[in-house]
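*Asks:* Listed below are the residues making up each chain.
Number of protein chains: 2
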Amino acid sequence: MNLILLYTSDFISPHLVRLTDRRFHHMRSVHQAQVGEAFKVGVLDGLVGQGKVSALSDDYIELQVQLDQAPPKPLPLHLIMALPRPKMLKRTLETAATLGVKDLWLINSYRVDKSYWSTPILKADKTREHLLLGLEQAGDTRLPRVHLRKRFKPFVEDELPALARNTRALVAHPYDAAPCPDPEASPTTLAIGPEGGFIAYEVEKLQEAGLESIHLGRRILRVETAVPVLLSRLFPL
Amino acid sequence: MNLILLYTSDFISPHLVRLTDRRFHHMRSVHQAQVGEAFKVGVLDGLVGQGKVSALSDDYIELQVQLDQAPPKPLPLHLIMALPRPKMLKRTLETAATLGVKDLWLINSYRVDKSYWSTPILKADKTREHLLLGLEQAGDTRLPRVHLRKRFKPFVEDELPALARNTRALVAHPYDAAPCPDPEASPTTLAIGPEGGFIAYEVEKLQEAGLESIHLGRRILRVETAVPVLLSRLFPL
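Here the protein sequences come in this chain order: C and Z.
Residue numbers for the first sequence follow the working numbering, beginning at 1 and rising by one.
Residue numbers for the second sequence follow the working numbering, beginning at 1 and rising by one.
Just so you know, these hints were derived from the structure itself, not from any lab.
Quantities reported herein were computed from a predicted structural model and do not represent experimental measurements.
Where hints are given, some of them may not hold.
[Said to hold, decoys possible] Computed list of lysine-lysine pairs in BS3-like fashion (alpha-carbon distance at most 27 Å, straight line):
id: 1; chain 1: Z; residue 1: LYS123; chain 2: C; residue 2: LYS87
id: 2; chain 1: Z; residue 1: LYS126; chain 2: C; residue 2: LYS87
id: 3; chain 1: C; residue 1: LYS73; chain 2: C; residue 2: LYS102
id: 4; chain 1: C; residue 1: LYS126; chain 2: Z; residue 2: LYS87
id: 5; chain 1: Z; residue 1: LYS150; chain 2: Z; residue 2: LYS205
id: 6; chain 1: Z; residue 1: LYS87; chain 2: C; residue 2: LYS87
id: 7; chain 1: C; residue 1: LYS87; chain 2: Z; residue 2: LYS90
id: 8; chain 1: C; residue 1: LYS123; chain 2: Z; residue 2: LYS87
id: 9; chain 1: C; residue 1: LYS90; chain 2: C; residue 2: LYS123
id: 10; chain 1: C; residue 1: LYS90; chain 2: Z; residue 2: LYS87
id: 11; chain 1: Z; residue 1: LYS90; chain 2: C; residue 2: LYS90
id: 12; chain 1: C; residue 1: LYS90; chain 2: Z; residue 2: LYS126
id: 13; chain 1: C; residue 1: LYS123; chain 2: C; residue 2: LYS102
id: 14; chain 1: Z; residue 1: LYS73; chain 2: Z; residue 2: LYS114
id: 15; chain 1: C; residue 1: LYS153; chain 2: C; residue 2: LYS102
id: 16; chain 1: Z; residue 1: LYS90; chain 2: C; residue 2: LYS126
Generate the whole structure from the sequences, applying the supplied hints.
*Replies:* Here it is in structure tokens:
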């Protein structure tokens with residue numbers, strides 16, 4: 001936790017929060033918080049600032065907060081990913097949130113195992129938990145939106161063309177592909193396939209929706225490595 | 001397994017290998033290999049090419065191999081990392097191998113928990129196993145060398161200056177730091193701290209050894225995210 005995320009329900013007066021949950025336990029046991037000590041805090045979907053410990057008991061911690069900074073800039077990105085297997089999904093949610101992704105579409109694909117769609121991680125509160133961990137890591141406050149699309153074709157035909165329009169629209173697909181373009185802070189749509197890649201039919205449909213194939217060189221990366229590699233190549237710091 | 005790694009001991013004649021272990025089981029159950037089918041193969045620390053299934057039984061698979069390509073280029077990098085906790089170490093070994101790291105120093109640091117040094121993953125055969133997985137993922141054959149340095153000071157004072165000399169020598173440390181430099185295929189030495197970062201004394205010693213502090217922007221990344229992000233920023237594809 002490089003930032004303690006606060007919710008409006010934590011405020012017991014305009015500048016005072018009281019925490020009793022995971023955050024309280026973490027601050028007490030991991031950070032060994034002391035009265036007077038200051039921590040980086042941020043309000044969910046709001047400003048970032050400082051929280052000074054004003055009271056500490058066995059049951060709660062209170063922080064006097066001052067919020068005066070904008071959170072880090074979001075990536076101007078629609079990230080579209082074939083649903084990864086559950087273990088990788090967890091890490092991908094956290095990494096995407098840490099790196100500043102704000103719009104994530106998890107879509108079906110031929111190589112996505114049907115069972116992946118019934119993982120509890122896709123339940124809204126579980127998904128949110130992993131996204132929050134990613135925000136706390138990065139020091140960000142803006143919660144990403146996750147959109148689930150269990151059918152490939154309707155998504156790619158009916159929604160994707162509008163998302164891709166007027167953006168750098170790319171699909172990471174190593175065959176017949178252009179090299180990854182240079183970093184640029186411009187609106188981007190990026191699709192990443194499952195392990196084993198999108199099948200030819202899917203790549204064709206993605207291209208019809210306006211996406212151009214790009215590759216990352218000769219090495220084949222796992223999805224969880226491809227995400228940070230692609231995002232660091234496509235956007236400036 | 002995007003590449004099947006072969007060892008000289010697999011060869012039963014100059015162009016024929018017989019596999020009976022994990023690779024055989026993986027080819028049979030995951031790839032559902034058939035006689036006549038071709039797979040990407042490579043000899044450990046050697047060439048890459050094609051292996052055509054010439055025989056398949058309940059106990060082994062035989063491949064007729066043709067090796068005619070160099071493996072992907074290694075990164076011209078000395079990567080120095082504070083030893084991560086075991087779970088992260090596994091993934092870091094795999095990711096580093098996948099991304100083309102060939103020289104990895106795992107060093108001690110104030111924030112490295114002593115217990116991390118006794119993880120079985122640091123046993124040579126276990127370390128090697130994770131590195132091989134990383135190579136198989138990337139389609140590479142050149143095994144990285146892992147150097148363990150359980151004492152920070154002797155490493156930084158006696159070894160690091162020689163490693164850093166005539167290289168881009170950098171430490172990822174977000175305070176008083178320059179922005180990450182542009183991609184360049186030049187010899188590089190890069191140090192990455194533990195979760196929580198190197199302490200001030202350590203940063204000072206690393207700077208004395210010739211390393212310059214660089215940062216990756218405002219977001220704070222986990223070590224396993226920082227590695228792919230830094231390597232993709234520092235080197236061209």
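*Asks:* Taking the hints in turn, state whether each one holds.
*Replies:* Results for each hint:
1. Z:LYS123 - C:LYS87: 25 Å, holds
2. Z:LYS126 - C:LYS87: It holds: about 22 Å lies between the C-alpha atoms, which stays within 27 Å.
3. C:LYS73 - C:LYS102: Cα-Cα ~10 Å, so holds.
4. C:LYS126 - Z:LYS87: With a Cα-Cα distance of about 22 Å, the restraint between C:LYS126 and Z:LYS87 holds, given a limit of 27 Å.
5. Z:LYS150 - Z:LYS205: Given pair Z:LYS150, Z:LYS205 holds - Cα atoms ~16 Å apart, limit 27 Å.
6. Z:LYS87 - C:LYS87: Judged against 27 Å, a Cα distance of about 13 Å means the pair holds.
7. C:LYS87 - Z:LYS90: Judged against 27 Å, a Cα distance of about 15 Å means the pair holds.
8. C:LYS123 - Z:LYS87: Judged against 27 Å, a Cα distance of about 25 Å means the pair holds.
9. C:LYS90 - C:LYS123: 12 Å, holds
10. C:LYS90 - Z:LYS87: Satisfied, since the Cα-Cα distance of roughly 15 Å is no more than 27 Å.
11. Z:LYS90 - C:LYS90: 17 Å, holds
12. C:LYS90 - Z:LYS126: 25 Å, holds
13. C:LYS123 - C:LYS102: Roughly 18 Å between the alpha carbons, so the hint for C:LYS123 and C:LYS102 holds.
14. Z:LYS73 - Z:LYS114: Violated, at roughly 35 Å.
15. C:LYS153 - C:LYS102: Status holds; Cα separation ~23 Å.
16. Z:LYS90 - C:LYS126: Holds, at about 25 Å.
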